[in-house]
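Using the sequences and the hints given, assemble the complete structure.
For the protein sequence lines, the chains are A and B, in the order given. Take 43 as the starting number for the first sequence in our numbering and just add one per residue. Take 43 as the starting number for the second sequence in our numbering and just add one per residue.
Check each hint, because a few of them may be wrong.
Since copy identity is lost for identical chains, a pair holds within one copy or between any two.
[Claimed, not checked] Within a straight-line C-alpha distance of at most 27 Å, the following computed DSSO-like cross-link-like pairs (lysine-lysine) qualify:
(1) K260 / K332
(2) K200 / K171
(3) K260 / K363
(4) K269 / K242
(5) K332 / K257
Hints are computed from structural coordinates only; laboratory data are not their basis. Please read all numbers here as calculations on a predicted model, not as lab measurements.
There are 2 protein chains.
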Amino acid sequence: MANIRDVALMAGVGIGTVSRIMNGSGYTSEETRQKVMDAVNTLGYRPNELARNLLQNRSRIVGVMVPDLTHPFFSALTKYIETELYRRGYRCLICDVDQTPMRVDDFLELLQRNVMDGLITCVDRMTEKDMEDIQRPIVSIDRDWGENVPNIHSDHIKGGEMVADIFMKEGCRKILQFAPRENQTIPLLMRHQVLERIMKNQGAEVKTIYIDGTKMSKDYVKKIASKYAHCLFEADGVFASDMLAAYCMKYAGQQGIAVPERLKIVGYDGLFFGDFLEPPLTTVCQDIPKLAFQCVEVMMKLIQGGTSVESEYQVDVFLEKGGTTTGCYHSKK
Amino acid sequence: MANIRDVALMAGVGIGTVSRIMNGSGYTSEETRQKVMDAVNTLGYRPNELARNLLQNRSRIVGVMVPDLTHPFFSALTKYIETELYRRGYRCLICDVDQTPMRVDDFLELLQRNVMDGLITCVDRMTEKDMEDIQRPIVSIDRDWGENVPNIHSDHIKGGEMVADIFMKEGCRKILQFAPRENQTIPLLMRHQVLERIMKNQGAEVKTIYIDGTKMSKDYVKKIASKYAHCLFEADGVFASDMLAAYCMKYAGQQGIAVPERLKIVGYDGLFFGDFLEPPLTTVCQDIPKLAFQCVEVMMKLIQGGTSVESEYQVDVFLEKGGTTTGCYHSKK
Numbered sequence: 043m044a045n046i047r048d049v050a051l052m053a054g055v056g057i058g059t060v061s062r063i064m065n066g067s068g069y070t071s072e073e074t075r076q077k078v079m080d081a082v083n084t085l086g087y088r089p090n091e092l093a094r095n096l097l098q099n100r101s102r103i104v105g106v107m108v109p110d111l112t113h114p115f116f117s118a119l120t121k122y123i124e125t126e127l128y129r130r131g132y133r134c135l136i137c138d139v140d141q142t143p144m145r146v147d148d149f150l151e152l153l154q155r156n157v158m159d160g161l162i163t164c165v166d167r168m169t170e171k172d173m174e175d176i177q178r179p180i181v182s183i184d185r186d187w188g189e190n191v192p193n194i195h196s197d198h199i200k201g202g203e204m205v206a207d208i209f210m211k212e213g214c215r216k217i218l219q220f221a222p223r224e225n226q227t228i229p230l231l232m233r234h235q236v237l238e239r240i241m242k243n244q245g246a247e248v249k250t251i252y253i254d255g256t257k258m259s260k261d262y263v264k265k266i267a268s269k270y271a272h273c274l275f276e277a278d279g280v281f282a283s284d285m286l287a288a289y290c291m292k293y294a295g296q297q298g299i300a301v302p303e304r305l306k307i308v309g310y311d312g313l314f315f316g317d318f319l320e321p322p323l324t325t326v327c328q329d330i331p332k333l334a335f336q337c338v339e340v341m342m343k344l345i346q347g348g349t350s351v352e353s354e355y356q357v358d359v360f361l362e363k364g365g366t367t368t369g370c371y372h373s374k375k
Numbered sequence: 043m044a045n046i047r048d049v050a051l052m053a054g055v056g057i058g059t060v061s062r063i064m065n066g067s068g069y070t071s072e073e074t075r076q077k078v079m080d081a082v083n084t085l086g087y088r089p090n091e092l093a094r095n096l097l098q099n100r101s102r103i104v105g106v107m108v109p110d111l112t113h114p115f116f117s118a119l120t121k122y123i124e125t126e127l128y129r130r131g132y133r134c135l136i137c138d139v140d141q142t143p144m145r146v147d148d149f150l151e152l153l154q155r156n157v158m159d160g161l162i163t164c165v166d167r168m169t170e171k172d173m174e175d176i177q178r179p180i181v182s183i184d185r186d187w188g189e190n191v192p193n194i195h196s197d198h199i200k201g202g203e204m205v206a207d208i209f210m211k212e213g214c215r216k217i218l219q220f221a222p223r224e225n226q227t228i229p230l231l232m233r234h235q236v237l238e239r240i241m242k243n244q245g246a247e248v249k250t251i252y253i254d255g256t257k258m259s260k261d262y263v264k265k266i267a268s269k270y271a272h273c274l275f276e277a278d279g280v281f282a283s284d285m286l287a288a289y290c291m292k293y294a295g296q297q298g299i300a301v302p303e304r305l306k307i308v309g310y311d312g313l314f315f316g317d318f319l320e321p322p323l324t325t326v327c328q329d330i331p332k333l334a335f336q337c338v339e340v341m342m343k344l345i346q347g348g349t350s351v352e353s354e355y356q357v358d359v360f361l362e363k364g365g366t367t368t369g370c371y372h373s374k375k
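Printed below as a string of structure tokens:
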């Protein structure tokens, strides 16, 4: 393959001139530019981006670390982050930590070795590294990585209020909800805490089942739904993430519990499969494209060394009325 | 941040010695190694991988190009490819061409500029570049990119035979199938051609509806299922990819067509949501982890300049018996 020397030789100019023209920097005459471009085309020369990256000490790559790419929330989030990065001239390196949790440290190492210019993480903090030592751009989605890492998340408080509003209007008095067990208060827990507080204030019963929030495979979710299927008899309202809500719906049906007549089910996330169900799932949707946009927006500020970065950003949620509550039997999707 | 010069200075050795020790190449005494490593630790030095990549003219990055990462087939495929690449010391750059089909050319350009060492593509050939000119490792999944690009795909002929076998055992005589419209014969079309041939040989009717194979959003699939919902009345067997099969099931239910009693439905792909449905979807599963493994295996051979690479690799399929056929009402998943 032709290199920059071959181009310079054929065009009869110096290597520096070819470099300036290829990078669009500095002044060169139109005549010289034409000679160089002719040589570039004749030789089929392509600048080696590895060399350019070293010169500029940047890779124009942003890493995205997810707990499990087969979970539709994270695949959609990754898609929109990647598309948004592309619009801004960046590429997206992914890291799925599902089968090897210790990959978190490996991926942070890549950030420190300049393989990436920044890192967007959706993974719970589980690393031996001290985050304070990593003087590189990191943005987090819905997870707590310490004060210095901006956290972007949905307005889960509003989400919890929306669910409470539905259950109150439907006259539900016995709520069953599934919430991730966490050691600290993180934003996504708020939806469950808010729901519990509002419903209890109204004199309703709320039973909260805590599950392992780091496990999100279909098999784990199914096991949980199956284990607590008998609790569906004692409830008149169920709140869970979409996947778990789908299995609750299935087990309710198998036990002859009519949805929505006897049991209302409300999901959380707004994932595509809720519409496959019959009736379609009523769910609080996270605005995944907006979460992705906000992440990339903050990341670009960090990469450019901007100081006007907040420690927290919140994105609005909205309701998708399905048929698992009686408000409306038709999905708007 | 400390650089290689700082380390050399503190350890009292040359830059070349530090470089050899960091790369684990060439001979150095244990005493020298210890001095250098002490300096590395004291200074918190990390080798700049951009420099190392330039030296070795490789990035240890493989690109994965997908039509739409929110489609569960492609998110699962990407996950397993990424995990397999990680095991072999490579990273995974993704490119979702959904919203900008012309990104294919941009991504090929990255391959030529050494940003990636190789490219795995799941996208239909739609590029202005002549693939013959790209003298870089490319592997394709289920898509035809010409003779020089190894094509890895499921055994779709066996898949079609399995579906025919089910419909024959169930006594179906009027088959409705949805197949992608393609200009050329590509492996994945074989399942539909094989099903049609076998069923017609048995005297059954087969109606094939051709759809746009490049569109895979939920909205498009729903529109197709809705448009042809009336055809479900005249059929006793339906064959479609899982997502379309899920909507056929939904519309059958809405029209009072009992599944599986009056209508058998068989999906293709084996995606996670088939189990959410009630009854769960009977489907021919593609072995996504094996497809991913095979892709990475062939890619590694190409990167290492191996010549023992075939132009085609086939991966076995298997049946997931659900409740949309009468063979078995319980999912094995």
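Right, here's what the structure says about each hint:
1. K260 / K332: This pair counts as both: shortest intra-copy Cα distance 26 Å, inter-copy 19 Å.
2. K200 / K171: neither (34 Å within a copy, 49 Å between copies)
3. K260 / K363: both (24 Å within a copy, 17 Å between copies)
4. K269 / K242: within (25 Å within a copy, 47 Å between copies)
5. K332 / K257: The answer is both: 25 Å in one copy and 23 Å across copies each meet 27 Å.
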